[in-house]
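> Spelled out from the first residue to the last, the chains are:
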Amino acid sequence: MNKSIRHVAAQVWRGLFLEPDAYDEAADSPNPFVEGLFMVAFVGLLVGVAAGIGGLLDWAITPDLGRMRELILQGLQAMPWFEFLRGDAEALRQFDFGYDLGWRISEIFQPSALNLLSQLILTPLGLILSWLWFALIAQGVARLLGGNGTTRQTLGATALAVAPNLLNIFGLLPMVSVAAVGVWTLLARYVALRRVHENLTWGRTLIALLAPAILFVLLIVLLSLLLSSLFAALIGGLFS
Amino acid sequence: MTRSSLAEWVALARAALTLKAEPFHLFTAGRASLKRAVLLVIVVGLLIGAVQALAGLGALFRPTVITAEEITGGFNQFFEQMTPFLDSADPAMREFMNIYRGSIETFAPTLEEISKLPAPLPGFFGRLFTWLGGWLSTPFALLSKWLLLSIWIMLFARLLGGRGSLLAYLSASSLSTLPHLLGAFSFIPCVGFLLGLTASIWGLAMQARAVELTHDLSRGRAVAAVLLPYALLLLLLMCGLFSFILLLATAGS
Chain A
0 MNKSIRHVAA QVWRGLFLEP DAYDEAADSP NPFVEGLFMV AFVGLLVGVA
50 AGIGGLLDWA ITPDLGRMRE LILQGLQAMP WFEFLRGDAE ALRQFDFGYD
100 LGWRISEIFQ PSALNLLSQL ILTPLGLILS WLWFALIAQG VARLLGGNGT
150 TRQTLGATAL AVAPNLLNIF GLLPMVSVAA VGVWTLLARY VALRRVHENL
200 TWGRTLIALL APAILFVLLI VLLSLLLSSL FAALIGGLFS
Chain B
0 MTRSSLAEWV ALARAALTLK AEPFHLFTAG RASLKRAVLL VIVVGLLIGA
50 VQALAGLGAL FRPTVITAEE ITGGFNQFFE QMTPFLDSAD PAMREFMNIY
100 RGSIETFAPT LEEISKLPAP LPGFFGRLFT WLGGWLSTPF ALLSKWLLLS
150 IWIMLFARLL GGRGSLLAYL SASSLSTLPH LLGAFSFIPC VGFLLGLTAS
200 IWGLAMQARA VELTHDLSRG RAVAAVLLPY ALLLLLLMCG LFSFILLLAT
250 AGS
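Respectively, the protein sequence lines represent chains A and B.
Residue numbering for the first sequence follows numbering that gives the first Met the number 0, beginning at 0 and increasing consecutively.
Residue numbering for the second sequence follows numbering that gives the first Met the number 0, beginning at 0 and increasing consecutively.
These are calculated hints, taken from the structure and not from any lab test.
There could be a bad hint or two in this list.
[Unchecked claim] Part of the chain A face toward chain B, derived, beta carbon under 10 Å:
(1) 15
(2) 61
(3) 77
(4) 78
(5) 181
(6) 197
(7) 201
(8) 205
The beta carbon of each residue, even a glycine, is placed where N, CA and C say it ideally should be.
Assemble the whole structure, with the sequences as input and the hints as a guide.
Written out as structure tokens, the structure reads:
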């Protein structure tokens with residue numbers, strides 16, 4: 000197991016620098032799905048642990064948010080415009096509700112044991128879902144465009160394309176903003192698809208590369224439209 | 000790093016900055032990998048960040064407490080400059096500005112108190128992480144800028160008939176981040192902006208050289224491949240602005 004972790008780490012490292020051989024190796028491995036799953040989970044776990052440590056450090060350098068909440072409320076209540084609010088009970092109630100809601104939302108992002116645990120689980124899970132969505136849609140589109148790679152090969156090679164997410168490990172230092180992960184991942188995925196579907200032109204590979212993201216956006220828009228019409232019907236039903 | 004290898008790197012950087020072909024060929028030679036290119040961009044980013052971090056070193060050892068006077072000072076200056084205009088403004092506007100000024104003056108002590116609130120770790124650590132964060136974020140920002148621009152240039156180079164590989168082009172184009180070392184001095188008033196502009200133009204010239212050499216394109220086409228992403232961006236901005244103006248005009252009529 001120790002040897003396999005070392006092997007995966009070395010392969011992910013080569014994948015990070017877009018080395019074509021590494022992608023060929025990942026595509027031609029005997030069990031690309033299981034190995035890919037292990038690779039993605041490995042990167043996700045590392046990033047999750049780093050994010051957890053970063054959250055703890057962030058908490059350690061941030062003043063008590065409860066005290067901050069009190070101080071800001073007192074400061075707002077002392078402002079001249081607040082006098083207008085005092086005269087309107089409904090406006091005052093709305094203000095209290097909004098203020099409370101804002102702080103409750105911010106509490107979700109504050110470091111806690113639950114947040115730490117959820118980061119450890121959700122980061123690898125998010126990466127796995129993103130990998131599967133990309134690999135399966137891109138494979139379908141590539142095949143439609145005439146690509147000759149198999150689903151197994153695409154799963155193996157695109158799993159390695161999660162390597163740029165390793166940059167997020169720097170997120171363990173508070174205040175460091177890690178840019179470039181998205182664009183680097185896009186490049187890694189392009190290399191992965193190009194290696195698997197070697198008969199496709201670069202233009203067709205580009206279409207297969209962008210298709211999963213476009214489909215995802217379309218799906219979100221469609222879902223939002225469906226949900227909003229459902230809500231509208233519900234609210235309409237309540238008031239009719 | 001030995002003195003001789005440092006001298007080699009300096010010679011290589013000098014040759015690249017004067018648009019000689021050797022450094023670009025050297026970066027594309029050997030095993031297909033982005034390792035050398037990424038290393039170069041990170042080193043350049045760290046150097047840029049280091050200059051700015053050194054300039055801000057004093058703040059690291061100075062506790063940052065914002066006083067209410069500091070906060071209101073700037074606003075009071077603004078309100079004083081506005082006074083001649085407010086005298087001729089309508090009463091509702093004057094009342095609004097009075098409430099606005101009063102709100103800032105009342106809230107300033109709260110901000111002062113917040114800046115004094117203790118954190119679990121001593122204040123030095125907060126300042127240390129802020130300082131370190133500013134420095135270490137620079138290579139990531141440069142990396143992102145380089146990759147994003149290079150993708151667009153690569154796309155246009157291909158559309159213009161280029162046949163170079165992605166890895167070869169990215170390796171060569173990483174050299175275009177070298178002039179951005181000038182951007183390290185962007186904090187200097189007036190001169191900083193000019194240095195930044197020079198770095199950007201110089202970087203684009205090096206990108207054109209990288210396209211020319213790795214895609215085997217003519218100089219004219221290479222320059223077009225570098226400038227077309229900007230032309231597209233400008234066109235999109237103009238379309239957006241035109242649509243906005245059209246929307247305003249339609250709403251107004």
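> The structure should be examined with respect to each hint, and the outcome stated for every one.
Evaluation of the provided hints:
1. Because the smallest distance between the Cβ of residue 15/A and any Cβ of chain B comes to about 8 Å, under 10 Å, the interface hint for this residue holds.
2. Annotation: residue 61/A was flagged as interfacial toward chain B, and the flag holds, the nearest CB pair being 6 Å apart, inside 10 Å.
3. Proximity of residue 77/A to chain B holds as hinted, the smallest CB-CB distance being about 5 Å (cut-off 10 Å).
4. Interface restraint check: residue 78/A against chain B, minimum CB-CB distance 4 Å, threshold 10 Å, status holds.
5. Because the closest C-beta pair between residue 181/A and chain B is about 8 Å apart, less than 10 Å, the hint holds.
6. With a least beta-carbon distance of about 13 Å to chain B, the hint placing residue 197/A at the interface is violated under the 10 Å criterion.
7. A hinted interface residue such as residue 201/A counts as satisfied when its beta carbon comes closer than 10 Å to some beta carbon of chain B; here the least separation is about 6 Å, so the hint holds.
8. A cut of 10 Å between beta carbons decides the hint on residue 205/A: the least distance to chain B is about 8 Å, and the hint holds.
The structure fails hint 6 only (numbered hints given earlier).
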